[in-house]
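Asker: Spelled out from the first residue to the last, the chains are:
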Amino acid sequence: MLTGLSVEIVERDALLCRVRISGEIDLATIGSLKREFAHVLDLVSPGERVVADAAGVRFLSAGGVRAIVGFAEKLKTGGGDLVIDAASPAVDQVLRVCGYATLMGVSKG
Amino acid sequence: MRHELAWSVEETDAAVVMVVCGDLVRRSATNLAKVLRKLLLDRGRLLVDVSGVHLGWPPAAALFGTALSSAGGWPLARLVLVDGGGSVTAGMCAAGFMAEVPVVTDRISGRVALGSRPRRVRRASGLPLGPRSPGFARELVRSACKDWGVENELRRAETIANELVTNAVVHTSGRSALVLSHDHRGLTVAVWDAGTSDVVALTTAVVPADSFGLRIVEELSDRWGVTPHDDGKTVWALIAPRSVKTREAGC
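As you go down the protein sequences, you meet chains F and R in turn.
Mapping of the first sequence onto my numbering: position 26 corresponds to residue 36, and the numbering continues sequentially without gaps.
Mapping of the second sequence onto my numbering: position 246 corresponds to residue 286, and the numbering continues sequentially without gaps.
There's no promise every hint is true.
Covered stretches of chain R, going by a simulated chain F footprint (3 or more residues, C-beta under 8 angstroms) [stated by the list, open to error]:
1. 111-123
2. 163-175
3. 211-223
A short list of chain F residues far from chain R (calculated; beta carbon distances all over 10 angstroms) [to be verified]:
4. Glu34
5. Val50
6. Gly88
Rather than coming from a laboratory, the hints here were simulated on the basis of the structure.
In this text, a Cβ means the ideal position worked out from N, Cα and C, and glycines have one as well.
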């Protein structure tokens, strides 16, 4: 796919799972993003923090925000959380506008 | 006395000149628009001498701007009308169409006018069906912002176009089109689709809290709205120049 999306796990230990998301998140790639999030959810242990590096996300749609928020809520249910520790300008703008600036925190991991 | 609309094309050194004569009525307007669009796509720059045209159906004056925008508009396609005393000027003037398609009185001024950007530029394109449509629309926004020197508005325009097109794809099943325009008021992103069912929902004053798409459109634009048509609706958003919006919803 030319304008694809990639989600890769770049670091993993008992307390933290670090993922790198890059590409464009829109109607064409949202299904693949949700599948990748489901995969990460299967992998992490309860209470584990997921740190997402989203510096390489060139575009984020409203549907992408819904997917990210849904992912964060599921992690929270298991006692963990989601922190976006590097946001591209596109991610920063759209998360702020949608009221989720709090997801972008400095990682303590 | 009625005269069937007729046209001929003259190749000159400086420009392609199309000479149109006769009555411009509803039926002939459709044909002329098709021919104009094709010539603009082929040649890029076109002078149309309408001195011998009688504007029998005033709405037909819109065809010039429509043909120009469907051929890509400035700077890819350029159109100037030459009217040495016909009735087209009055029709263009009354409807405000001269902001997009300049009308001059002679061919020499016409050639000069082809080199200047009109006060209002517009570009229209049909969109593909399906999940690739929003990405295609963003690409159109990027090239238009670049062509029109409004890269500062690019991120907002791209994001707004993405949400409007996504709504069109998700909520309607038929055709859709993107229309971008720029003038002194700013950059307008408009998406037409064949659906009419959600016009009422869209025109209610309050954007629902869970509708991130419309919240994005509202926050990133200076004004937005919905215009219903017989064949669907247009949702549009205006991005005014150098406007500063620092509100952070929910923060």
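Asker: Confirm or reject each hint.
Answerer: Against the structure, the hints come out as follows:
Counting residues of the segment 111-123 of chain R whose beta-carbon sits less than 8 angstroms from any beta-carbon of chain F gives 0, not enough to reach three: the coverage restraint is violated. Coverage of the segment 163-175 of chain R by chain F holds. Counting CB-CB distances below 8 angstroms, 5 residues qualify, and the rule asks for three or more. With 0 residues carrying a beta carbon less than 8 angstroms from a beta carbon of chain F, the segment 211-223 of chain R misses the three-residue requirement, and the given coverage is violated. Separation of glutamate 34/F from chain R is inadequate, the least Cβ-Cβ distance of about 7 angstroms not exceeding the 10 angstroms criterion.
For valine 50/F, the non-interface assignment is confirmed: its Cβ lies about 22 angstroms from the closest Cβ of chain R, beyond the 10 angstroms cut-off. Remark: the non-interface label on glycine 88/F is consistent with the geometry, its nearest Cβ contact in chain R lying 23 angstroms away (cut-off 10 angstroms).
Going through the hint list in order, the structure does not satisfy hints 1, 3 and 4.
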